[in-house]
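Peer 1: Using the hints provided, position chain B relative to the given structure of chain W.
Listed in order, the protein sequences are those of chains W and B.
The opening position of the first sequence corresponds to residue 260 in this note's numbering, with each subsequent residue numbered one higher.
The opening position of the second sequence corresponds to residue 260 in this note's numbering, with each subsequent residue numbered one higher.
Hints were generated in silico from the structure; no laboratory data involved.
Treat the hints with care, since some could be wrong.
It does not matter which identical chain is used: a pair holds within one copy or between any two.
Claimed, not checked - In the EDC-like style, the derived pairs of lysine to aspartate or glutamate whose C-alpha atoms are separated by at most 20 Å in a straight line are:
{"no.": "1", "residue 1": "K553", "residue 2": "D346"}
{"no.": "2", "residue 1": "K379", "residue 2": "D576"}
{"no.": "3", "residue 1": "K553", "residue 2": "D307"}
{"no.": "4", "residue 1": "K290", "residue 2": "E315"}
{"no.": "5", "residue 1": "K384", "residue 2": "E284"}
{"no.": "6", "residue 1": "K486", "residue 2": "D463"}
{"no.": "7", "residue 1": "K486", "residue 2": "E554"}
{"no.": "8", "residue 1": "K611", "residue 2": "E565"}
2 protein chains.
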Amino acid sequence: MLNFSFANPTKIHFGEQQIALIKNEIPADAKVLVTYGGGSIKSNGVYDQVVDALSEHTWFEFAGIEPNPSYQTCMKAVALVKEQHIDYILAVGGGSVADGSKFIAAAANYDGEPWDILSKGGEIKSAIALGVVLTLPATGSESNGNSVVSNLDTHEKLAFASPLVLPRFAVLDPAVTFSLPNRQVANGIVDAFVHTMEQYLTYDVGAKLQDRFAEGILMTLIEEGPKAFSEPDNYQVRANIMWSATMALNGLIGAGVPQDWATHMIGHEMTAMYGLDHAQTLAIVLPRMMAAQKETKRGKILQYAERVLGLDISDKDAAIEQAITATEGFFHSVNMPTRLSDYQLGEEVADKIVQQLERHGMTAIGERGQVTLDTSHAILLASV
Amino acid sequence: MLNFSFANPTKIHFGEQQIALIKNEIPADAKVLVTYGGGSIKSNGVYDQVVDALSEHTWFEFAGIEPNPSYQTCMKAVALVKEQHIDYILAVGGGSVADGSKFIAAAANYDGEPWDILSKGGEIKSAIALGVVLTLPATGSESNGNSVVSNLDTHEKLAFASPLVLPRFAVLDPAVTFSLPNRQVANGIVDAFVHTMEQYLTYDVGAKLQDRFAEGILMTLIEEGPKAFSEPDNYQVRANIMWSATMALNGLIGAGVPQDWATHMIGHEMTAMYGLDHAQTLAIVLPRMMAAQKETKRGKILQYAERVLGLDISDKDAAIEQAITATEGFFHSVNMPTRLSDYQLGEEVADKIVQQLERHGMTAIGERGQVTLDTSHAILLASV
Numbered sequence: 260m261l262n263f264s265f266a267n268p269t270k271i272h273f274g275e276q277q278i279a280l281i282k283n284e285i286p287a288d289a290k291v292l293v294t295y296g297g298g299s300i301k302s303n304g305v306y307d308q309v310v311d312a313l314s315e316h317t318w319f320e321f322a323g324i325e326p327n328p329s330y331q332t333c334m335k336a337v338a339l340v341k342e343q344h345i346d347y348i349l350a351v352g353g354g355s356v357a358d359g360s361k362f363i364a365a366a367a368n369y370d371g372e373p374w375d376i377l378s379k380g381g382e383i384k385s386a387i388a389l390g391v392v393l394t395l396p397a398t399g400s401e402s403n404g405n406s407v408v409s410n411l412d413t414h415e416k417l418a419f420a421s422p423l424v425l426p427r428f429a430v431l432d433p434a435v436t437f438s439l440p441n442r443q444v445a446n447g448i449v450d451a452f453v454h455t456m457e458q459y460l461t462y463d464v465g466a467k468l469q470d471r472f473a474e475g476i477l478m479t480l481i482e483e484g485p486k487a488f489s490e491p492d493n494y495q496v497r498a499n500i501m502w503s504a505t506m507a508l509n510g511l512i513g514a515g516v517p518q519d520w521a522t523h524m525i526g527h528e529m530t531a532m533y534g535l536d537h538a539q540t541l542a543i544v545l546p547r548m549m550a551a552q553k554e555t556k557r558g559k560i561l562q563y564a565e566r567v568l569g570l571d572i573s574d575k576d577a578a579i580e581q582a583i584t585a586t587e588g589f590f591h592s593v594n595m596p597t598r599l600s601d602y603q604l605g606e607e608v609a610d611k612i613v614q615q616l617e618r619h620g621m622t623a624i625g626e627r628g629q630v631t632l633d634t635s636h637a638i639l640l641a642s643v
Numbered sequence: 260m261l262n263f264s265f266a267n268p269t270k271i272h273f274g275e276q277q278i279a280l281i282k283n284e285i286p287a288d289a290k291v292l293v294t295y296g297g298g299s300i301k302s303n304g305v306y307d308q309v310v311d312a313l314s315e316h317t318w319f320e321f322a323g324i325e326p327n328p329s330y331q332t333c334m335k336a337v338a339l340v341k342e343q344h345i346d347y348i349l350a351v352g353g354g355s356v357a358d359g360s361k362f363i364a365a366a367a368n369y370d371g372e373p374w375d376i377l378s379k380g381g382e383i384k385s386a387i388a389l390g391v392v393l394t395l396p397a398t399g400s401e402s403n404g405n406s407v408v409s410n411l412d413t414h415e416k417l418a419f420a421s422p423l424v425l426p427r428f429a430v431l432d433p434a435v436t437f438s439l440p441n442r443q444v445a446n447g448i449v450d451a452f453v454h455t456m457e458q459y460l461t462y463d464v465g466a467k468l469q470d471r472f473a474e475g476i477l478m479t480l481i482e483e484g485p486k487a488f489s490e491p492d493n494y495q496v497r498a499n500i501m502w503s504a505t506m507a508l509n510g511l512i513g514a515g516v517p518q519d520w521a522t523h524m525i526g527h528e529m530t531a532m533y534g535l536d537h538a539q540t541l542a543i544v545l546p547r548m549m550a551a552q553k554e555t556k557r558g559k560i561l562q563y564a565e566r567v568l569g570l571d572i573s574d575k576d577a578a579i580e581q582a583i584t585a586t587e588g589f590f591h592s593v594n595m596p597t598r599l600s601d602y603q604l605g606e607e608v609a610d611k612i613v614q615q616l617e618r619h620g621m622t623a624i625g626e627r628g629q630v631t632l633d634t635s636h637a638i639l640l641a642s643v
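Just chain W, same shape as in the assembly (with noise of 0.2 Å):
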């Protein structure tokens, strides 16, 4: 196990009817924002029930943040924030409204060009208070510090993380995922799989007890991704969806082990350039990623056949291929495509990802920095 420091502050209320916790959650004075999305929340009752929760408290609202949330949106946001004087802000979404807020927190108290928060570092001495109210189980930002902000000029997607963002309080209803459609439902069970394998699929470092839980979670999204299709009212497989995608990001699983991101890496570039949502681009490159790595991740790739998949390991190198196969399988049982030509996107998408790759200096991604350009370029053609 590596050295770590870990702490996850941020209180959790799951479970039915505990959005009007939020009520006491928020300080009885505070000017509140409230930021969200497209409008979905407004049919599915979420609004209503934040609504009803803040009904002693002063708040604004700011709508339109969308999925990859852009800085140009969310500066608006920011105007609103200084304007008003805000001092909370509510975040009613998914992972995208929740990373567009963080980026507002931090920007309405950047002294500077807040764009330089994503592209330069810049140091964030202080932010608005944030709460979350989370309506699409995916990205765990309900419950982190990091962020993911695009940039519709420079078609640039560009991450940035500070403990002053963490969010304060996060509600999370099981209830309030029923109404969501199949696309964002599957892109929210890929994206906690695929964030639980960045953390686990690396080497062996003798964490035994944070390879067991990433197992568990992987586990459990095995069992219970398909379920949300076939028993699309069954509370417990959303809670469990839900509980599974928080406790893939919040720090906890990565805490002492080496980790990867060379997916994301290249996921994010994909979608900064043609528009895929975030989860379509990982279930594409994870499972050529697995190939291209399947000698630097063997122990794991093994170990993940054998305790999670339940494949007999005897022969390995047909085990880590059933492995690859059945990772790809997954995907398609939540209804994932898996290949760049799913979206008629061809052999041309490998030298357009690989400049923009240079460009962010990703040269050498993965937990050993084993990813080279040429790897990513393969792992591109390979998954036309």
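Peer 2: Chain B alone, transformed into the frame defined by chain W:
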């Protein structure tokens, strides 16, 4: 999954040489009281590391917090806290030092007779800030708000809990556990194991991830526990045990599931009455508790048998018996006796302990209140 609220803000610094980090965790202007036990920290180097880390702080020390910390000893520390206007307590030791220090932290600010915190559920409105340097992985006290304190005069062992006594930070350096006596190593492993079982071996509420996490802790302890004796210098073994013990009782695996704790309730009375180590009592009671509850806990015992112990469960009744035997065998594998007679105790224990349980209102314990005084009596008789 049941509804839950969960937060655990304790910041964990895990790994070798992390004790130095306390310098930055405690405010520079704080007046610190370093609390510890019998002095083993002076022979294993921990005390020196703490002294180095606090070289720029103003600090005092209070030694002599005993295993099963006593109200009487803690109140002496409370007097020192008041006299010196202490505003930060640094507990250096195992669960007993942490638990005692939590009581000191709460009692120093308590308006009234501090024993009422334990005996009458007296409300804690504030507490002195607390940090922990953990030397014995066992109770999880380093990152929870629970404390158990004994009254030497009345032979009572009572608990309280408050988020206000949750440690602000905890340093976990597995290397400091190399010098622990075998008895304490065994105690810690068994304690962490039974903490996990108390939150796992109940009944199914569909909380698949919590189950998988609990199973991960149990499997890790079964795998690594015996190695702490056969490979006493193996750092990774110590690290896995230490992290497992923290995760066993930091609130995470118990969030959203029913909890039992009947084994603990009986065990606490045994420690108060006969002076057995806490974990010694748990190892005596749990196998008989499982046997007595094999119908109410049937589903979960079978899940445990299959997933944790790898048993064939096609003959269910046989698998349950094997699981109970294997659990007792695990305790033996870490050199922990499992019978009252191992401590020269006999049938007389049953009447005595049941009297104490009745006195403390423990007449219907367990996850469904199914463990009556008669059941507790039978469990103790069967444990001779």
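Peer 1: My question is about K486 and E554: at a cut-off of 20 Å on alpha-carbon distance, are they close within one copy, between copies, both, or neither?
Peer 2: The answer is neither: 33 Å in one copy and 30 Å across copies each exceed 20 Å.
Peer 1: Could you figure out if K290 and E315 sit no more than 20 Å apart (CA to CA) within one copy, between two copies, both or neither?
Peer 2: Within one copy, since 11 Å is at most 20 Å while 41 Å is not.
Peer 1: Indicate which option fits the pair K553, D307 if close means a Cα-Cα distance not exceeding 20 Å: within, between, both or neither.
Peer 2: neither (50 Å within a copy, 47 Å between copies)
Peer 1: If the cut is 20 Å between Cα atoms, do K553 and D346 qualify within a copy, between copies, both or neither?
Peer 2: neither (49 Å within a copy, 54 Å between copies)
Peer 1: Checking K486 and D463: alpha-carbon separation at most 20 Å within a copy, between copies, both or neither?
Peer 2: between (32 Å within a copy, 18 Å between copies)
Peer 1: Quick one: K611 to E565, C-alpha cut-off 20 Å, is that within a copy, between copies, both, or neither?
Peer 2: neither (37 Å within a copy, 50 Å between copies)
Peer 1: Is the C-alpha distance from K384 to E284 at most 20 Å within one copy, between copies, in both cases, or in neither?
Peer 2: between (23 Å within a copy, 18 Å between copies)
Peer 1: Pop the pair K379 and D576 into one bin, within, between, both or neither, using alpha-carbon distances up to 20 Å.
Peer 2: Classified as neither; 43 Å inside a copy, 64 Å across copies.
Hint violations for this structure: numbers 1, 2, 3, 7 and 8, all remaining hints satisfied.
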